[in-house]
Amino acid sequence: MSSILSLYRSAIGKKAVMAVSGFLLVGFVLGHMAGNFKIFLGEEKFNHYAEWLREIGSPALPHGGALWIARIVLLGAVLLHIHSAWSLTRASRKARPERYRRKLSARQATYASRTMRWGGVIIVLFVFFHLAHFTWGWSWAHPDFDPGNAYRNVVEGFRVPWVVAFYIVAQLALGLHLYHGFWSALQSLGWDHRAIDSWRRPAAATIAVALTLGNTALAISVLTGWVG
Amino acid sequence: MRLTLHIWRQKNGGDAGGFVSYPRQDVSPDMSFLEMLDVLNEELTEAGDEPVAFDHDCREGICGACGVMINGVAHGPEPGTATCQLHMRKFKDGDEIRVEPFRSRAFPILKDLVVDRSPLDEIIQAGGFISVNTGSAPEANLMPVPRRDAERAMDAAECIGCGACVAQCPNGAGQLFTAAKISHLAELPQGQPERASRASAMVEVMESYFGSCSNFAECEAVCPKGISIDFIAQMNREYLRSRFK
Ligand code: FES
Numbered sequence: 001m002s003s004i005l006s007l008y009r010s011a012i013g014k015k016a017v018m019a020v021s022g023f024l025l026v027g028f029v030l031g032h033m034a035g036n037f038k039i040f041l042g043e044e045k046f047n048h049y050a051e052w053l054r055e056i057g058s059p060a061l062p063h064g065g066a067l068w069i070a071r072i073v074l075l076g077a078v079l080l081h082i083h084s085a086w087s088l089t090r091a092s093r094k095a096r097p098e099r100y101r102r103k104l105s106a107r108q109a110t111y112a113s114r115t116m117r118w119g120g121v122i123i124v125l126f127v128f129f130h131l132a133h134f135t136w137g138w139s140w141a142h143p144d145f146d147p148g149n150a151y152r153n154v155v156e157g158f159r160v161p162w163v164v165a166f167y168i169v170a171q172l173a174l175g176l177h178l179y180h181g182f183w184s185a186l187q188s189l190g191w192d193h194r195a196i197d198s199w200r201r202p203a204a205a206t207i208a209v210a211l212t213l214g215n216t217a218l219a220i221s222v223l224t225g226w227v228g
Numbered sequence: 229m230r231l232t233l234h235i236w237r238q239k240n241g242g243d244a245g246g247f248v249s250y251p252r253q254d255v256s257p258d259m260s261f262l263e264m265l266d267v268l269n270e271e272l273t274e275a276g277d278e279p280v281a282f283d284h285d286c287r288e289g290i291c292g293a294c295g296v297m298i299n300g301v302a303h304g305p306e307p308g309t310a311t312c313q314l315h316m317r318k319f320k321d322g323d324e325i326r327v328e329p330f331r332s333r334a335f336p337i338l339k340d341l342v343v344d345r346s347p348l349d350e351i352i353q354a355g356g357f358i359s360v361n362t363g364s365a366p367e368a369n370l371m372p373v374p375r376r377d378a379e380r381a382m383d384a385a386e387c388i389g390c391g392a393c394v395a396q397c398p399n400g401a402g403q404l405f406t407a408a409k410i411s412h413l414a415e416l417p418q419g420q421p422e423r424a425s426r427a428s429a430m431v432e433v434m435e436s437y438f439g440s441c442s443n444f445a446e447c448e449a450v451c452p453k454g455i456s457i458d459f460i461a462q463m464n465r466e467y468l469r470s471r472f473k
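As given, the protein sequences belong to chains A and B, one line each in that order.
In this text, residue positions in the first sequence follow this note's numbering: the first is 1, and each later residue adds one.
In this text, residue positions in the second sequence follow this note's numbering: the first is 229, and each later residue adds one.
It is worth saying that the hints were derived from the structure and are not from the lab.
Just so you know, not all the hints are guaranteed correct.
Cβ pair distances, simulated, as ranges [what the hints assert, rightly or not]:
no., chain 1, residue 1, chain 2, residue 2, range
1, B, R333, A, P143, 45 to 55 Å
2, A, W140, B, F247, 44 to 54 Å
3, B, D323, A, Q108, 39 to 49 Å
4, A, E98, B, D323, 54 to 64 Å
5, A, V209, B, P366, 21 to 31 Å
6, B, E422, A, R194, 36 to 46 Å
7, A, A165, B, R375, 29 to 39 Å
8, B, P372, A, I196, 21 to 31 Å
9, B, E432, A, W226, 53 to 63 Å
10, B, E432, A, P97, 13 to 23 Å
11, A, S2, B, E324, 53 to 63 Å
12, B, D266, A, I4, 30 to 40 Å
13, A, A205, B, E432, 51 to 61 Å
14, B, G308, A, A205, 52 to 62 Å
Note that the Cβ used here is the ideal one computed from N, Cα and C, for glycine as well.
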């Protein structure tokens with residue numbers, strides 16, 4: 001434990017924490033998307049899935065127990081991910097107090113890598129909206145929210161064009177973030193490139209594209225009336 | 229060739245500094261960038277002006293003394309080339325060229341284009357060495373080194389310590405330099421006894437001066453020796469391992 005804490009004091013350690021928390025969050029968004037695809041199976045199956053999420057681990061865990069454990073772990077990962085990014089960004093700003101008068105011209109840094117920080121901000125704002133929209137059901141975000149019917153909430157939520165537009169923008173930001181993030185996390189953890197070079201770019205691209213397209217397709221299917 | 233140079237002039241660390249323009253006629257395309265500056269300096273000296281200060285030594289791309297920002301790129305537009313090996317034929321007639329010193333909190337400007345890069349030496353002092361008993365040299369073949377390891381160590385050892393990686397990094401990070409030095413010794417049998425302490429000591433000094441790595445790979449693109457960012461992954465690995473020993 002103490003070695004983990006002292007690790008977090010170093011920048012390389014923070015990057016490792018950022019990488020591990022990032023992997024956890026990637027795993028979550030993939031699972032989240034896969035579960036949400038149940039929307040294509042109809043109201044009953046989808047609501048049944050939503051109820052099942054609350055019953056995982058029963059009877060050992062109370063109703064909704066597993067869900068709360070997952071929420072706490074995810075919140076912890078999000079906080080660590082953001083804190084490490086925040087403090088490393090500050091350290092890097094300090095490393096060049098006098099800026100270049102002739103702007104640095106980027107040589108090979110990808111667009112995805114250069115938008116990690118602002119892309120991350122977009123994703124945070126989106127997650128907040130997403131929770132207000134489908135979890136908390138705040139009326140400004142979702143006027144017809146019904147806590148007992150996840151399916152109807154999704155269907156009515158995605159009938160609003162500006163909401164879907166915002167979701168799509170956020171999914172693009174997420175895709176870009178993961179395209180660099182997944183690749184970069186392997187680098188931060190010091191994975192031997194000889195073992196992973198052949199697949200890490202393609203894997204990052206596949207995850208990014210699958211998530212962006214998958215989530216976007218879901219929202220558009222509802223918007224166009226194909227689902228619901 | 230006709231060119232317009234805009235060169236950063238700064239009397240000393242305390243001076244604010246600024247660009248001064250020098251229109252140039254008859255620049256020979258066969259000159260190196262530094263020779264082009266030599267000719268300018270001769271004229272400045274003859275006219276009684278202060279010549280432009282810049283660092284240089286070997287002028288054959290092996291010592292790492294030279295290095296300036298040329299139009300926002302460390303060592304200029306030609307990949308894999310130190311400033312001293314960059315030739316004017318890489319520019320076009322009529323080009324405007326902005327020459328600025330490497331900028332980093334760790335590299336204070338001494339004068340014009342000359343910066344103090346001694347934090348790189350401090351990183352080496354922290355662990356970029358092996359400890360051996362002096363005396364008669366051991367038989368060279370007593371310690372076999374697999375060819376693959378030897379090649380990789382040599383790839384890392386190519387680093388000339390010019391600091392272009394720091395200069396180009398949007399985060400002002402010193403990863404590529406430090407990674408090359410750590411990996412070079414980690415690949416060889418002679419580097420094993422101090423492998424973990426070396427990684428942790430060198431990284432600690434590095435982090436006290438420089439920014440942190442976002443894996444932009446800008447360093448790799450401007451490195452005059454083409455050092456790969458794979459070595460940064462190796463440094464991360466060496467460092468993380470050292471923390472769990
Ligand atoms: S002067 Fe030695 S590398 Fe350029």
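Outcome of the hint check:
1. B:R333 with A:P143: 45 to 55 Å: 52 Å, holds
2. A:W140 with B:F247: 44 to 54 Å: 52 Å, holds
3. B:D323 with A:Q108: 39 to 49 Å: 22 Å, violated
4. A:E98 with B:D323: 54 to 64 Å: 26 Å, violated
5. A:V209 with B:P366: 21 to 31 Å: At roughly 55 Å between Cβ atoms, P366 of chain B and V209 of chain A fall outside 21 to 31 Å, so the hint is violated.
6. B:E422 with A:R194: 36 to 46 Å: Hint violated: Cβ distance 24 Å, outside 36 to 46 Å.
7. A:A165 with B:R375: 29 to 39 Å: 57 Å, violated
8. B:P372 with A:I196: 21 to 31 Å: Given about 28 Å between the Cβ atoms, the range holds.
9. B:E432 with A:W226: 53 to 63 Å: 57 Å, holds
10. B:E432 with A:P97: 13 to 23 Å: 22 Å, holds
11. A:S2 with B:E324: 53 to 63 Å: 56 Å, holds
12. B:D266 with A:I4: 30 to 40 Å: 55 Å, violated
13. A:A205 with B:E432: 51 to 61 Å: 36 Å, violated
14. B:G308 with A:A205: 52 to 62 Å: At 28 Å between Cβs, range violated.
The structure fails hints 3, 4, 5, 6, 7, 12, 13 and 14 (numbered hints given earlier, in ascending order).
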